[in-house]
Amino acid sequence: MSAYLDHASTTPLHPAAREALGVALQDGWADPARLYREGRRARMLLDAARETVAGVLGARPDEVSFAASGTAAATLALLGTASARRRAGNVIMVSAVEHSSVLHAAQHHEQAGGRVVEVGVDRFGRVDPAAFAPVPGAAVASLQHANHEVGTVQPVAEVAERLHAAGVPLHTDAAVTVGRVPVDLGVLGADLLTASAHKFGGPAGVGILVVRTGTRWRSPGPADEREGGRVAGYPDVPAIVAAAAALAARTAEIAAEGPRLAGYVGDLRRRLPELVDGVELLGDPDQAPTVPHITAFSCLYVEGEALLTELDRAGIAVSSGSSCTSDTLAPSHVLVAMGALTHGNLRVSFGRDSTQADLDALLDVLPGAVRAVRARLGADEL
Amino acid sequence: MTTDGPSGAETGPDRGIVAPAGTLDSRGRRCPLPIIDLARAFGSVVPGDTITLWADDPAAGPDVAAWCRLRGQELVAVRALPAGGEEFVIRRLA
Numbered sequence: 083m084s085a086y087l088d089h090a091s092t093t094p095l096h097p098a099a100r101e102a103l104g105v106a107l108q109d110g111w112a113d114p115a116r117l118y119r120e121g122r123r124a125r126m127l128l129d130a131a132r133e134t135v136a137g138v139l140g141a142r143p144d145e146v147s148f149a150a151s152g153t154a155a156a157t158l159a160l161l162g163t164a165s166a167r168r169r170a171g172n173v174i175m176v177s178a179v180e181h182s183s184v185l186h187a188a189q190h191h192e193q194a195g196g197r198v199v200e201v202g203v204d205r206f207g208r209v210d211p212a213a214f215a216p217v218p219g220a221a222v223a224s225l226q227h228a229n230h231e232v233g234t235v236q237p238v239a240e241v242a243e244r245l246h247a248a249g250v251p252l253h254t255d256a257a258v259t260v261g262r263v264p265v266d267l268g269v270l271g272a273d274l275l276t277a278s279a280h281k282f283g284g285p286a287g288v289g290i291l292v293v294r295t296g297t298r299w300r301s302p303g304p305a306d307e308r309e310g311g312r313v314a315g316y317p318d319v320p321a322i323v324a325a326a327a328a329l330a331a332r333t334a335e336i337a338a339e340g341p342r343l344a345g346y347v348g349d350l351r352r353r354l355p356e357l358v359d360g361v362e363l364l365g366d367p368d369q370a371p372t373v374p375h376i377t378a379f380s381c382l383y384v385e386g387e388a389l390l391t392e393l394d395r396a397g398i399a400v401s402s403g404s405s406c407t408s409d410t411l412a413p414s415h416v417l418v419a420m421g422a423l424t425h426g427n428l429r430v431s432f433g434r435d436s437t438q439a440d441l442d443a444l445l446d447v448l449p450g451a452v453r454a455v456r457a458r459l460g461a462d463e464l
Numbered sequence: 182m183t184t185d186g187p188s189g190a191e192t193g194p195d196r197g198i199v200a201p202a203g204t205l206d207s208r209g210r211r212c213p214l215p216i217i218d219l220a221r222a223f224g225s226v227v228p229g230d231t232i233t234l235w236a237d238d239p240a241a242g243p244d245v246a247a248w249c250r251l252r253g254q255e256l257v258a259v260r261a262l263p264a265g266g267e268e269f270v271i272r273r274l275a
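Residue numbers (the numbering used here), protein chains in the order written: chain A, 83 to 464; chain B, 182 to 275.
To be clear, the hints were calculated from the coordinates, so they are not data collected in a lab. Treat the hints with care, since some could be wrong.
Partner residues are not named here, just some residues of chain A that face chain B (Cβ under 10 angstroms, in silico) [as the list claims (entries may be wrong)]:
id: 1; residue: 91
id: 2; residue: 95
id: 3; residue: 304
id: 4; residue: 334
id: 5; residue: 336
id: 6; residue: 362
id: 7; residue: 401
id: 8; residue: 460
These figures come from a predicted structure and were not determined experimentally. For glycine and all other residues, C-beta sits at the position ideal for the given N, C-alpha and C.
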């Protein structure tokens, strides 16, 4: 029996998105910047999508722009704010467990002569708000809403408050949480938020960039008149419409879905140590809040890549932060920052179509897969 | 991937320096092999004694520390090796 359990990487297109995409391809194909009827129709669809997204996130429509990906949105958020606040300082603060898109933007800033200050995390992968105090010369800070590898939710509101006391704006990368748990910018207090549509059942190619009113921001690259001057280039109106439809549909689903998926996660974490020797569960929903759909663990004496291959052969799709599964052969920076075991690592993530049968399939196959990989390394007796 | 044991001091790869006798040399071996080497050799360490491991896989640092925590053993010291990689000293507590 097969099971797709990598919904944190991407998740299938939501039926509401599929339907909206079809309609928008018919009605929203024209240039929304043009004044004739076809263009106005595309503009209406685009404006409605913007209003929907803004409403869900607790933002104003004119604060929302659509970029080509979550990565592009995060890059614009960080570098655009750093650029506008150059006179305040040249430091970008990031947590040590940010998504690579944020860390790459920070590296880019550093290569251009700026500075980056990294804030560490505890063993659950959570930052301590007191440690995220603004440093002198801070232009902007970035703290994810929840971690993409272990699911730990970050204290964004507390950090935002500390930063605001020093006048430093906060970007939150909410790619893990938007469309999965309620996300309200009023509660989070972040000045910029980014997300990615394909993570919540929208199509690929749509990133969400929210810049709150009053936040200083200047395009870090060539700009045009599109998307409020924040994202240059012709927008993919049908994809944006589909993304907004997915987000609206998700908003109605998550209250019932969250507890169901958290139940699978709880079950998995309870049964794993009984089924597999030498397992380290990562994060901890009882100690630090986590999103309902992501959990991770590491197995001693197991090569992550070999375990993925073994599971794939049995039809189980999950992901790994182990070094042997990355192009650079370096272990996941998230696992290293947490002080977690980096080898034999797996991330399991559930989605709206996940069932108990998917979890059962994983638990059925995993113990044998771990044994097989250990035996191949001569580590079955350790 | 080879499942052979770590290289002995005499037959060790040319990495600038040869590991002293008694040191477990897992340089050149990719994770999780250095940890497996450590676990295998640990069986013959008397409680209270230490074992020294050399490894140069980028995951060895975090993984040796995690292994000690999971197995209730003590990571006494971590030092950079002049020719690359790190030296780990681990004490058997029980």
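Evaluation of the provided hints:
1. 91: Given a least distance of 22 angstroms, the restraint on residue 91 of chain A is violated.
2. 95: Hint violated; residue 95 of chain A Cβ to chain B Cβ min 36 angstroms, cut 10 angstroms.
3. 304: This hint is violated: residue 304 of chain A lies away from chain B, its Cβ roughly 38 angstroms from the closest one there, beyond 10 angstroms.
4. 334: violated, 41 angstroms
5. 336: Not OK, violated: residue 336 of chain A not within 10 angstroms of chain B, min 34 angstroms.
6. 362: This hint holds: residue 362 of chain A lies near chain B, its Cβ roughly 6 angstroms from the closest one there, short of 10 angstroms.
7. 401: violated, 17 angstroms
8. 460: holds, 5 angstroms
Checked against the numbered hints given earlier, this structure breaks hints 1, 2, 3, 4, 5 and 7; the rest are met.
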